[in-house]
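Protein sequence lines, in the order shown, are assigned to chains V and E.
Residues 1 to 571 (my numbering) make up the first sequence, in order.
Residues 1001 to 1062 (my numbering) make up the second sequence, in order.
Note that these hints are calculated values from the structure, not bench results.
Just so you know, even glycine gets a beta-carbon here, dropped at the ideal spot from N, CA and C.
Some hints could be false.
Okay, derived cross-link-like pairs now, DSS-like style, lysine-lysine, Cα gap no bigger than 27 angstroms in a straight line [said to hold, decoys possible]:
{"#": "1", "chain 1": "E", "residue 1": "K1024", "chain 2": "V", "residue 2": "K553"}
{"#": "2", "chain 1": "V", "residue 1": "K512", "chain 2": "E", "residue 2": "K1051"}
{"#": "3", "chain 1": "V", "residue 1": "K523", "chain 2": "E", "residue 2": "K1051"}
{"#": "4", "chain 1": "V", "residue 1": "K71", "chain 2": "V", "residue 2": "K272"}
{"#": "5", "chain 1": "E", "residue 1": "K1024", "chain 2": "V", "residue 2": "K527"}
{"#": "6", "chain 1": "E", "residue 1": "K1054", "chain 2": "V", "residue 2": "K526"}
{"#": "7", "chain 1": "V", "residue 1": "K197", "chain 2": "E", "residue 2": "K1021"}
{"#": "8", "chain 1": "E", "residue 1": "K1021", "chain 2": "V", "residue 2": "K527"}
{"#": "9", "chain 1": "V", "residue 1": "K553", "chain 2": "E", "residue 2": "K1051"}
{"#": "10", "chain 1": "E", "residue 1": "K1021", "chain 2": "V", "residue 2": "K201"}
{"#": "11", "chain 1": "E", "residue 1": "K1024", "chain 2": "V", "residue 2": "K523"}
Partial pick of chain E residues on the chain V-facing surface, computed with a CB cut under 8 angstroms [unchecked claim]:
{"#": "12", "residue": "V1012"}
{"#": "13", "residue": "G1016"}
{"#": "14", "residue": "W1017"}
{"#": "15", "residue": "D1022"}
{"#": "16", "residue": "I1037"}
{"#": "17", "residue": "P1042"}
{"#": "18", "residue": "H1043"}
{"#": "19", "residue": "A1048"}
{"#": "20", "residue": "H1053"}
{"#": "21", "residue": "K1054"}
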Amino acid sequence: MSAENDPAQRVAIGISFGNSYSSIAFTTGDGKAEVIANEDGDRQIPSILSYVSGEELHGGQAKSQLLRNSKNTVAYFRDFLGQEFKSIDPSPCHQSAHPVDHESSIAFKIQDTEEDKENTVTVSEVTTRHLKRLRNSASDYLGKSVNAAVITVPTNFAEAQKTALNKAAKEAGIEVLQFINEPVAAVLAYDARPDAKLADKILVVADLGGTRSDIAVVASRGGIYTFLATIHDYEVSGFVLDQVLIDHFAKEFLKKHKSAGDPRENDRSLAKLKLECEAVKKALSIGTSANFSVESLAGGVDFTSTVNRSRYDLLANKHFTAFARLVTHAVEKAQLDPLDISEIILAGGNSHTPKAASALAYAFPESTTVLAPSTSPTAINPSELSVRGAAIQASLIQEFELEDIEQSTHPMVTVTPHLSHAVGVLCISADESSGIFNPIIDAETPLPVRRTAIIATPREGGDVLIKLAEGLRHIKITKPEPKAKTEKEPSSDDDSDEDSEEEEERREKTWKVGTVLSEAALKGIKKGGKVEVQINISADLAVNAIFREVGGKGGVRGILQGGKTTQNGSA
Amino acid sequence: MTSVQINLPLPVLPQGWAGEKDFKSVGQLSQANDRNIEPVGPHFLAHARRKRHKRTFSEDDR
Ligand SMILES: Nc1ncnc2c1ncn2[C@@H]1O[C@H](COP(=O)(O)OP(=O)(O)OP(=O)(O)O)[C@@H](O)[C@H]1O
Ligand SMILES: [Mg+2]
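So that you can see chain V by itself, here it is in the shape it has in the complex (with noise of 0.2 angstroms):
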């Protein structure tokens, strides 16, 4: 391969590669992200493949060769990766080919050639063949040969993982360009979009995928991407929101056919359930009611049912309000308060599921949007975002050489001091306990920075005083005044008067006004007239400050030295 690791022979795409399904993208010329649909019309590929006497079959078609020929269908492999046999939960490959112990890595037992014998085939060689057809989708799709990609991981896929991930990539004739963190994708997604605005803000990924759930917070700083926190979970997923279908219509078929036996204790019959179960619950996601319909359920016993959304929602209520729950534990992880976050990214297959952002929705204050289908007309679709997000960054780096990508992705480069405390000017009035903060660079801040505000000045103009210091940010409770016309005592220690108090503590958020870092004075400011800092910080934390009338000329300028930095040792 000449073309290699030369990009100017580059075609490079998106991929996102889950445990449950795949997706392929590539930008356009005006900078647009296209999710491409392979040979069966699929943009969502089921991580997928399956054998029928030597025939490879992928993606969708091999997902239905779990009815009949699971044993020789491998599915859900990805997490195997770079794993040791002993450090993986197999439960998700109970009903197709089982993983196994394989020369300190991990292996399937496939009829995978139209000999009558088994193939240990290893998950690295798995890999490679999803994505050779992932790859040829894609190169048909455009018309010619795709030979490099940014492909995107979970935010705890280890080192070794990248590795085997890799090496079985270039095994496909994909030269990985860079892995890029799901939820970083998604984010990205959103912000490439052409009405987007930069703005700083603090928000959350929450990804429910089919075999795991991701949280990750998020600092977004004038479009630099930093991890707050992140929390992974095997418990919440796709799998039990399946489960809790499966377990519905198993009984609504004993009701009926007690005799046909309990569909959930045959394999055949589980796997029927579980391919129509998955399918009413995406019919949920758009209809209020959906059909159920498999032939030959068990005991040779058709059966057809519906369901409504409702009763779906109150089955799998539970999941989702732990699902929020994650989302919560994960703003507390990054020592923030639910009112810090200005919205939630909702990714992954299932939340297409209304229910899964109406139970975020009320989790959060109203003032955290909820970026989802249900909740949100412009929302992404939630299942294309790290895929986007790949194809991107793709297009942004398609043209550097590799060892360029390299260097701008070392911690020479990424680790960078951030700022602890919001920095700002005092206004209405200069004294600390009475003068309001009013933030011009947020915590959590990457440096250097530079930033500018323009701050109105008293009616009259005149001469001000500009002070600059760090703001603490503090959440202000409010407990509700007692009801004065209430004939109940104020202080009752009776639980069900609390239960029946009608409004709850009111909680915002607001600044205290921390080290106070200069002043300066502009002097004869004209009525009405504006004044404009702008604020640099270097990575040393020295500032370099610059204070003038808009429009004026002149103006002041301040530096401060820096000096505390954390930039040897670590906290």
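Given the structure of chain V, go ahead and fit chain E with the ligands onto it with the hints provided.
For chain E with the ligands alone, kept in the frame of chain V given last:
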């Protein structure tokens, strides 16, 4: 980044305030925390370029 708009007025300069060239430094920023920024997106690339070539924001603007 667009500038931050602050609609509350700045305080009036107190009588007798004095500072050399109208500026007075009072304190220092608190220690920063070292964190890993994600090497993704156009703004990161600009950051990496500045860092690797030891350029400032205004040099980068030119
Ligand atoms: N429209 C939909 N409505 C509800 N659930 C859906 C929908 N589309 C996909 N899902 C579910 O989403 C899950 C797959 O999500 P996703 O594609 O994000 O998974 P993944 O990243 O491959 O999986 P994993 O978390 O296992 O690595 C499955 O449980 C699937 O049933
Ligand atoms: Mg996933």
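Hints, verified against the model:
1. K1024/E x K553/V: 21 angstroms, holds
2. K512/V x K1051/E: 33 angstroms, violated
3. K523/V x K1051/E: 37 angstroms, violated
4. K71/V x K272/V: 15 angstroms, holds
5. K1024/E x K527/V: 25 angstroms, holds
6. K1054/E x K526/V: Violated, at roughly 40 angstroms.
7. K197/V x K1021/E: Violated: K197/V and K1021/E sit about 38 angstroms apart, past 27 angstroms.
8. K1021/E x K527/V: Satisfied, since the Cα-Cα distance of roughly 23 angstroms is no more than 27 angstroms.
9. K553/V x K1051/E: 32 angstroms, violated
10. K1021/E x K201/V: It is violated: about 36 angstroms lies between the C-alpha atoms, which goes past 27 angstroms.
11. K1024/E x K523/V: 15 angstroms, holds
12. V1012: 6 angstroms, holds
13. G1016: The hint is violated - G1016/E has no Cβ within 8 angstroms of chain V, the shortest such distance being about 11 angstroms.
14. W1017: Cβ of W1017/E sits 6 angstroms from chain V, so the hint holds.
15. D1022: With Cβ-Cβ at 4 angstroms, under 8 angstroms, it holds.
16. I1037: Where the cut-off is 8 angstroms and the nearest Cβ of chain V is about 5 angstroms from I1037/E, the hint holds.
17. P1042: Since the shortest Cβ distance to chain V is 6 angstroms, the answer is holds.
18. H1043: 3 angstroms, holds
19. A1048: 4 angstroms, holds
20. H1053: Hint violated; H1053/E Cβ to chain V Cβ min 11 angstroms, cut 8 angstroms.
21. K1054: 11 angstroms, violated
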